[in-house]
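Chemist: Next come the chains, spelled out residue by residue.
Protein chains: 4
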Amino acid sequence: MATNAPRVAGRHFLQIPGPSPVPERILSAIARQTIDHRGPDFGKLGLRVLDGMRTIFKTKGHVVIYPASGTGAWEAALANTLSPGDKVLMVETGHFATLWKTMAAKLGVEATFIPSDWRAGADVAAIEAALREDKAHAFKAVCVVHNETSTGCTSRIDEVRKAIDAAGHPALLMVDTISSLASVDYRHDEWGVDVTVAGSQKGLMLPPGLSFNAVSEKALAASKTSRLPKSFWGWEEMIAAGKSGYFPYTPATNLLYGLDEAIKMLHEEGLDSVFARHLRHGEATRRAVAAWGLENLCTNPKHFSPVLTAVVMPEGHDADKLRSVILDAFDMSLGTGLSKVAKKVFRIGHLGDINDLTLIGTLAGVEMGLGLAGVPHKAGGVAAAMAYLADTKREGSAKAA
Amino acid sequence: MATNAPRVAGRHFLQIPGPSPVPERILSAIARQTIDHRGPDFGKLGLRVLDGMRTIFKTKGHVVIYPASGTGAWEAALANTLSPGDKVLMVETGHFATLWKTMAAKLGVEATFIPSDWRAGADVAAIEAALREDKAHAFKAVCVVHNETSTGCTSRIDEVRKAIDAAGHPALLMVDTISSLASVDYRHDEWGVDVTVAGSQKGLMLPPGLSFNAVSEKALAASKTSRLPKSFWGWEEMIAAGKSGYFPYTPATNLLYGLDEAIKMLHEEGLDSVFARHLRHGEATRRAVAAWGLENLCTNPKHFSPVLTAVVMPEGHDADKLRSVILDAFDMSLGTGLSKVAKKVFRIGHLGDINDLTLIGTLAGVEMGLGLAGVPHKAGGVAAAMAYLADTKREGSAKAA
Amino acid sequence: MATNAPRVAGRHFLQIPGPSPVPERILSAIARQTIDHRGPDFGKLGLRVLDGMRTIFKTKGHVVIYPASGTGAWEAALANTLSPGDKVLMVETGHFATLWKTMAAKLGVEATFIPSDWRAGADVAAIEAALREDKAHAFKAVCVVHNETSTGCTSRIDEVRKAIDAAGHPALLMVDTISSLASVDYRHDEWGVDVTVAGSQKGLMLPPGLSFNAVSEKALAASKTSRLPKSFWGWEEMIAAGKSGYFPYTPATNLLYGLDEAIKMLHEEGLDSVFARHLRHGEATRRAVAAWGLENLCTNPKHFSPVLTAVVMPEGHDADKLRSVILDAFDMSLGTGLSKVAKKVFRIGHLGDINDLTLIGTLAGVEMGLGLAGVPHKAGGVAAAMAYLADTKREGSAKAA
Amino acid sequence: MATNAPRVAGRHFLQIPGPSPVPERILSAIARQTIDHRGPDFGKLGLRVLDGMRTIFKTKGHVVIYPASGTGAWEAALANTLSPGDKVLMVETGHFATLWKTMAAKLGVEATFIPSDWRAGADVAAIEAALREDKAHAFKAVCVVHNETSTGCTSRIDEVRKAIDAAGHPALLMVDTISSLASVDYRHDEWGVDVTVAGSQKGLMLPPGLSFNAVSEKALAASKTSRLPKSFWGWEEMIAAGKSGYFPYTPATNLLYGLDEAIKMLHEEGLDSVFARHLRHGEATRRAVAAWGLENLCTNPKHFSPVLTAVVMPEGHDADKLRSVILDAFDMSLGTGLSKVAKKVFRIGHLGDINDLTLIGTLAGVEMGLGLAGVPHKAGGVAAAMAYLADTKREGSAKAA
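Residue numbers (the working numbering), protein chains in the order written: chain A, 6 to 406; chain B, 6 to 406; chain C, 6 to 406; chain D, 6 to 406.
Check each hint, because a few of them may be wrong.
Claimed, not checked - Per label pair, the in silico range of CB-to-CB distance:
no., chain 1, residue 1, chain 2, residue 2, range
1, C, 396, D, 48, 47 to 53 Å
2, A, 142, B, 115, 53 to 59 Å
3, A, 322, C, 273, 46 to 52 Å
4, D, 48, B, 396, 41 to 47 Å
5, D, 325, A, 396, 21 to 27 Å
6, B, 277, C, 320, 41 to 47 Å
To be verified - Calculated cross-link-like contacts (lysine to aspartate or glutamate; reagent style EDC-like; alpha-carbon spacing at most 20 Å):
no., chain 1, residue 1, chain 2, residue 2
7, D, 223, D, 242
8, A, 106, B, 241
9, D, 106, C, 242
10, A, 383, D, 241
11, D, 106, C, 241
12, C, 106, D, 396
13, C, 248, C, 56
It is worth saying that the hints were derived from the structure and are not from the lab. Idealized CB from N, CA, C, for every residue including glycine.
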């Protein structure tokens with residue numbers, strides 16, 4: 006970025022909850038020369054990434070890859086399965102759930118929104134109650150955000166599934182995993198999800214520009230009768246072309262190169278190791294927050310996010326001012342508080358291609374920044390995180406030995 | 006691409022009519038680390054590319070950049086301006102015009118389709134006649150593809166504008182410049198276009214994954230009353246956020262880096278030089294085709310495309326077999342014949358970051374390939390192109406001196 | 006390169022006889038983050054490239070890789086084996102042989118120089134005669150340039166070996182393969198070469214910055230008593246450290262990444278295919294030159310170079326003016342005539358990562374440039390090359406079928 | 006690097022005292038296509054980097070750039086100025102000074118070595134005494150390492166200059182700035198240095214593969230009569246060709262692209278800011294070391310290095326075991342102890358493209374590693390460094406306001 010300001014040395018710390026830092030291998034992959042998306046080499050690439058994404062979603066079903074960022078995959082989920090005037094049950098986990106609801110309204114879908122204080126994941130009992138009450142089965146779908154990027158609360162999709170089953174309700178289950186896929190354990194088939202929505206720029210470690218639907222047979226059947234208009238987002242031609250690794254219109258070839266590499270990297274590390282790493286970094290971060298004497302926005306330990314931690318500012322202190330001090334002093338980007346919690350929280354991303362030392366650097370930037378910005382806090386957050394990381398590393402080695 | 010086939014030496018010739026070869030400077034730009042799309046540096050980038058695209062569209066109006074490939078920008082043009090059941094006038098210039106019409110139908114818009122034999126650009130008289138006949142002004146829009154990528158025919162948008170004016174018809178003018186923008190002279194404001202649709206992977210020399218709408222005030226006004234559902238494609242939030250260089254949802258940051266560089270490169274070369282280069286390469290290619298004794302699909306010299314040339318195969322010879330021979334023997338990708346002209350034509354792309362020697366290599370691949378595939382033709386196509394290129398280079402130098 | 010001149014579109018044609026065009030895979034490899042050259046990952050890389058280079062030199066002996074360009078490896082060959090005042094037999098194949106001789110003199114080594122008209126490879130009979138005459142075995146080494154980059158003449162190293170043996174002379178055989186290795190068949194062990202000198206920026210397709218010595222046991226023994234001062238170039242520590250994949254001082258890590266990739270690519274194509282490709286491109290180029298009615302500097306068909314062709318200008322025409330016209334008009338770099346043949350020849354490089362269509366583009370640039378520069382010639386060079394390339398491609402396919 | 010070990014997530018911490026982490030802008034620059042090193046564009050690049058390096062060395066004199074790593078530039082300094090049997094005065098600041106002395110011996114130069122305990126920079130009084138004693142002016146040169154990479158002690162070159170002047174001795178002053186240039190304040194002309202030796206992979210932030218001599222008129226005059234053999238390292242042709250931006254033999258073009266970018270970046274940050282940043286990071290590191298209760302190898306505060314800190318292990322603990330634990334647990338490379346201090350010290354690099362958060366990550370890796378490896382130490386090193394960094398950041402802001 007050409008500016009007249011003096012150059013800032015060193016590597017920027019991109020610690021927002023996505024886009025996450027893109028590994029060199031992926032940046033290098035997307036910089037390869039574009040190829041003919043109708044030629045024979047492309048078909049091999051297409052099959053490889055579609056099959057690869059199945060292993061990430063843990064599904065044997067259909068996967069659709071859009072040359073579009075994640076918001077588009079939300080629209081695809083709705084437009085392919087619903088008809089004008091359809092009712093859906095949504096859960097107000099936070100800002101992104103609210104945006105999805107707003108989108109539904111724009112598309113002519115009527116959402117019942119289970120309210121929340123943004124401090125926990127989806128209230129499974131409330132979902133079950135709402136479904137039991139819906140004797141007429143008016144709800145065509147239950148839509149839940151797996152990991153609320155605005156709050157740092159992760160919903161229990163396995164429990165949502167059980168609630169739907171307990172209520173004996175035929176609604177589709179649609180789950181937004183935009184900020185959780187490939188960071189938090191997720192099982193499309195095992196949990197009976199009908200449409201999973203995902204994006205490229207979080208756990209998949211890619212730049213933004215790709216998004217995904219994983220689609221069950223039940224969802225596919227629903228798409229046959231759905232009457233919302235759809236063309237770009239239409240599954241039918243996507244799934245048909247995908248069988249041979251191609252796309253009905255021009256795909257984002259270079260990002261697919263990156264996806265191919267990302268899938269390889271996730272398997273080289275091992276998905277379980279990836280999940281464990283995120284869990285451990287989430288815990289380390291929360292220990293730092295606690296040591297600072299600050300509050301985690303998420304209050305339900307069952308819902309603590311392995312991906313990000315939203316930290317509540319002490320009364321009378323502006324989170325965006327803190328973020329700006331930290332950006333200027335330490336060249337680190339943190340996530341802003343969104344809508345309801347604007348200026349009240351800041352968010353620390355600890356997802357994607359991150360390791361222990363980067364996390365400590367991140368937490369140090371927050372701790373020093375709190376001091377520079379005059380935000381009341383106790384020292385020792387970094388020390389607490391280090392203690393936890395070292396201890397768990399020691400145990401990990403002991404176990405491995 | 007890892008395969009077990011032996012490595013093919015040298016640089017692949019990507020001579021399809023898009024994606025065009027991506028210059029090293031752009032590949033290098035898109036490989037830069039992703040930044041926070043809500044941070045201060047991003048806003049500067051956003052303003053720069055939005056302003057830059059105005060200079061490419063030649064508009065002082067609104068520009069919207071989608072993190073999606075070109076097909077999406079077609080949908081955006083329709084969804085933002087029209088309502089269910091609306092009528093539009095479209096022109097069957099070829100395969101892509103037909104796809105756009107099919108999309109309109111999927112979205113619930115009724116298209117009257119002016120038929121064509123795919124061998125010329127839009128019939129301006131027929132457009133005028135259709136509009137004059139439409140006393141009730143039922144047509145809400147006239148939709149034309151500027152450069153038909155399937156046929157190599159370029160329509161005269163200035164004349165279309167005059168026809169609409171002559172008919173005194175208030176329809177919006179919507180133009181697809183996906184394969185022409187930044188290769189063929191185009192003037193959104195001067196020609197009174199209401200919505201221009203464009204993509205990244207042709208004249209802009211980027212990989213696919215970005216698309217564009219340039220929007221007139223009249224089109225923006227139409228969007229206020231349009232009732233087609235829209236969310237991802239909605240102009241309103243895009244234009245509002247764009248004023249400060251941001252986007253309402255996650256943009257394709259790394260492709261925007263590339264766009265920033267592409268705009269810079271186009272201005273370094275000069276748009277008029279870029280257009281002249283494409284015109285000259287179109288003529289050189291047609292001279293080669295004529296020398297081979299083969300036929301150009303486009304029969305109207307006023308409509309010859311500076312971007313690609315579709316070559317008609319002699320009766321009884323399969324264009325795709327020829328393409329396959331050429332790919333195997335010379336590692337060059339040519340465009341396939343689409344739908345109506347499948348197997349009957351192949352398409353030579355001569356657009357984007359191409360120079361004289363690459364064009365000669367391309368034509369030599371075709372000429373040698375015709376021989377290897379046993380397609381009846383005369384030699385001398387390359388020689389004819391060389392003669393033309395050398396002569397015009399000499400004149401260019403003479404003029405400059 | 007920032008300049009104020011307008012941007013030149015398309016890909017530069019780098020058709021000098023080295024550096025040759027660097028493939029994307031190699032550029033991407035050298036752009037990886039530098040690692041600790043004393044860490045465990047480095048040792049694996051080091052062993053891989055040292056072993057890999059053995060397969061390229063076709064030796065089971067010692068290989069030394071210098072973080073220095075090719076001229077350094079010349080100095081290493083001399084400094085490691087010789088003592089002040091030693092006599093060597095060198096052959097004036099052209100400019101580079103002359104430079105090597107000049108270097109020998111600077112280092113205090115006395116070279117007897119077998120003269121030549123620069124139009125053929127080494128005169129093997131003259132070498133044998135000189136050695137037979139040297140009853141006292143004063144010559145400590147015979148130094149020959151395998152492929153003279155200044156003339157396009159390739160010497161027959163197998164015959165030089167036989168000449169030395171026939172003369173029963175104990176001199177070391179030292180061969181410069183800077184512009185031939187990995188382009189022309191070469192066999193360090195089978196041909197009994199004692200020191201092979203090589204560089205990275207020709208057949209190995211890397212940027213300049215690495216150079217090599219392959220070292221026989223006999224040469225290594227000579228190094229034990231050699232008295233020319235040496236430190237940076239000293240084999241002893243290099244060979245010792247190399248056994249575990251390390252270097253006695255900081256290696257050019259990023260170029261080694263590229264070398265690792267280059268060796269992989271050469272084996273993916275197959276060394277024999279690489280050699281055949283260069284032979285075929287050499288013949289195609291010579292047919293073009295003949296068709297133009299111009300003269301090849303190399304007059305002995307046994308010595309025609311598969312790597313480059315030096316073309317003699319018609320009397321009264323300046324080769325550098327032609328090169329300048331071609332660079333301006335067609336953005337192609339050709340090799341200049343050096344010293345004795347300055348302005349009298351230009352050199353066409355046809356080595357490294359080159360394919361048929363790039364070669365035709367190259368020859369077209371020359372043919373059109375001859376016209377623009379007013380150099381008397383006949384047309385038809387490109388046509389002649391195309392005929393040969395197509396015919397041999399047809400035969401190749403026939404053979405494969 | 007392909008291995009079968011599971012992928013390690015996140016960015017490797019390369020905290021050895023060089024190579025330092027290479028910024029993305031430089032990696033991207035060296036990945037550009039190689040150009041003709043005899044063409045017009047190259048000349049502009051050559052002039053730019055030669056002029057640029059003058060601003061880094063702070064000289065109006067001659068600069069020579071070798072396509073070779075730093076050890077070569079040592080040899081160049083000696084070979085260009087000295088004759089066989091010449092005497093020089095060298096100072097045993099540590100391992101690298103010793104290697105330079107060994108090299109002198111190999112080249113036939115006789116070095117008097119002022120001994121040291123490796124815990125301080127050059128003893129200026131001892132230099133002055135030795136020179137005063139040398140009434141015959143037998144010493145042709147005084148050779149000093151500015152920043153001893155093996156010990157973390159920086160010598161005062163300004164004081165060495167004064168000592169030579171005070172002794173009235175005509176010896177050349179030759180200074181190795183391989184690990185200090187562009188990290189520590191340095192003034193070739195002002196301090197009357199005759200030959201400055203430098204490399205690319207430390208403060209210049211490039212991969213290894215380039216090295217430098219800055220040459221005074223007095224040194225150039227000495228080179229006219231010097232009798233050590235020299236060819237590759239010879240200044241004469243280098244300086245002559247450099248006047249127009251070219252090189253007498255093939256330069257390392259792609260690394261020169263990187264150098265061009267590096268010089269631009271250093272000036273964008275400002276050399277004084279670069280030096281201040283290194284000083285601040287050195288102090289922060291030493292505070293961490295002190296807090297751990299460990300000892301800095303360098304005992305003279307006047308000589309503390311802004312580039313690296315060598316930390317002495319408690320008796321009975323092996324520094325290399327610690328380094329190995331840290332590499333395994335936290336993917337960070339630290340410098341090993343060399344020769345005399347092997348296994349007794351480890352070295353923390355804090356040079357090049359480093360910022361506060363990366364430094365904290367680094368120190369956290371050491372602190373946690375000390376724990377994992379069972380090395381006796383106190384906690385609080387990271388906390389001490391954070392306190393210092395935050396305080397100085399606050400003061401910096403206060404001053405700027």
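Chemist: The structure should be examined with respect to each hint, and the outcome stated for every one.
Modeler: We went through each hint and held it up to the structure:
1. C/396 with D/48: 47 to 53 Å: About 42 Å separates the Cβ atoms of residue 396 of chain C and residue 48 of chain D, which means 47 to 53 Å is violated.
2. A/142 with B/115: 53 to 59 Å: 34 Å, violated
3. A/322 with C/273: 46 to 52 Å: For residue 322 of chain A and residue 273 of chain C the Cβ distance comes to about 60 Å; the hint is violated.
4. D/48 with B/396: 41 to 47 Å: The hinted range 41 to 47 Å is violated for residue 48 of chain D and residue 396 of chain B, with Cβ atoms some 32 Å apart.
5. D/325 with A/396: 21 to 27 Å: Since the Cβ atoms of residue 325 of chain D and residue 396 of chain A sit about 24 Å apart, the hinted range of 21 to 27 Å holds.
6. B/277 with C/320: 41 to 47 Å: 42 Å, holds
7. D/223 with D/242: Distance ~17 Å between residue 223 of chain D and residue 242 of chain D Cα, so the pair holds.
8. A/106 with B/241: 18 Å, holds
9. D/106 with C/242: 16 Å, holds
10. A/383 with D/241: 64 Å, violated
11. D/106 with C/241: 18 Å, holds
12. C/106 with D/396: Measuring from Cα to Cα gives roughly 63 Å; hence the hint is violated.
13. C/248 with C/56: 10 Å, holds
Violated hints, in rising order: 1, 2, 3, 4, 10 and 12; the structure is consistent with all others.
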